[in-house]
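Visitor: Chains as they are written, first to last, in the numbering used here: chain A, 1224 to 1336; chain B, 3 to 115.
Derived from the structure by calculation, the hints contain no laboratory data.
Source: prediction; values computed, not measured.
Glycine included, every Cβ here is placed at the ideal spot set by N, Cα and C.
Mixed in with the good hints there might be a few duds.
As the list claims (entries may be wrong) - Among chain B residues calculated to face chain A with C-beta under 10 Å, some are:
| # | residue |
| --- | --- |
| 1 | Q26 |
| 2 | S29 |
| 3 | T32 |
| 4 | Q43 |
| 5 | S55 |
| 6 | G103 |
| 7 | T105 |
Claimed, not checked - Residues of chain A placed beyond 10 Å of chain B at every Cβ, according to the derived structure:
| # | residue |
| --- | --- |
| 8 | E1238 |
| 9 | N1247 |
| 10 | E1289 |
| 11 | T1300 |
| 12 | I1325 |
| 13 | G1327 |
| 14 | Q1328 |
| 15 | V1334 |
| 16 | P1336 |
What the hints assert, rightly or not - Rough simulated footprint, nothing fancy, chain B against chain A, three-plus residues with beta-carbon under 8 Å:
| # | segment |
| --- | --- |
| 17 | 1269 to 1281 |
| 18 | 1315 to 1324 |
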Amino acid sequence: AQSVTQLDSHVSVSEGTPVLLRCNYSSSYSPSLFWYVQHPNKGLQLLLKYTSAATLVKGINGFEAEFKKSETSFHLTKPSAHMSDAAEYFCVPLSSQGGKLIFGQGTELSVKP
Amino acid sequence: SAVISQKPSRDICQRGTSLTIQCQVDSQVTMMFWYRQQPGQSLTLIATANQGSEATYESGFVIDKFPISRPNLTFSTLTVSNMSPEDSSIYLCSVVYGDYGYTFGSGTRLTVV
């Protein structure tokens, strides 16, 4: 069975500094993986997705993630945080059964001025 | 991409009553999903809504509590029955289109008093 662990429930960074949100998945094979963002009182927005193509995936708003099979990781990064990046971020693998998305626990990102 | 219209956006309901949430998609999609997001929590899949057949429920969710209809390829409803305050959550529908294209509705914020 697939599962996902977001290693930090809350991350706080200063504006202009790098962002790292960590995600580890467990699976017997390389899954498809997504990162979604949810701003307060807003809907879910897809940041990026990995689907067995290039291991370094570039998404919207300057975010990117690198799929590392040896480490079973799919960490989300951004070189320079902006105040508007403050939100909840979800690492989401695609289940091999029924096309379902399996949401991680989420990481709340705070950005300090 | 598919565009989802979800109604109502929010509601306050009395305990013991039922609420039906509608999800309308602007294109035909095979797979539709219903999620629940309890306060401060991640998303949990309730069920997969299949056109022309019974919905497939996840562990911990039953049809009597969350009946689902899927009359065609663009529409689905989720009913939250005999509500209690513990049902206060955000309910979201999601569809998949093309290859790995998952879209979410804006959600229904339900408060049970």
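Visitor: Each hint needs a verdict: does it hold in this structure or not?
Guide: Evaluated hints:
1. Q26: violated, 15 Å
2. S29: With Cβ-Cβ at 17 Å, over 10 Å, it is violated.
3. T32: holds, 9 Å
4. Q43: holds, 8 Å
5. S55: violated, 13 Å
6. G103: holds, 9 Å
7. T105: holds, 8 Å
8. E1238: holds, 25 Å
9. N1247: holds, 15 Å
10. E1289: holds, 18 Å
11. T1300: Its Cβ never comes within 10 Å of chain B, the nearest being 21 Å, so this holds.
12. I1325: Violated, because the least Cβ-Cβ distance between I1325(A) and chain B comes to about 8 Å, which does not exceed 10 Å.
13. G1327: violated, 7 Å
14. Q1328: violated, 5 Å
15. V1334: holds, 20 Å
16. P1336: holds, 25 Å
17. 1269 to 1281: With 3 residues closer than 8 Å to chain B, the segment 1269 to 1281 of chain A meets the three-residue bar; holds.
18. 1315 to 1324: holds (count 5)
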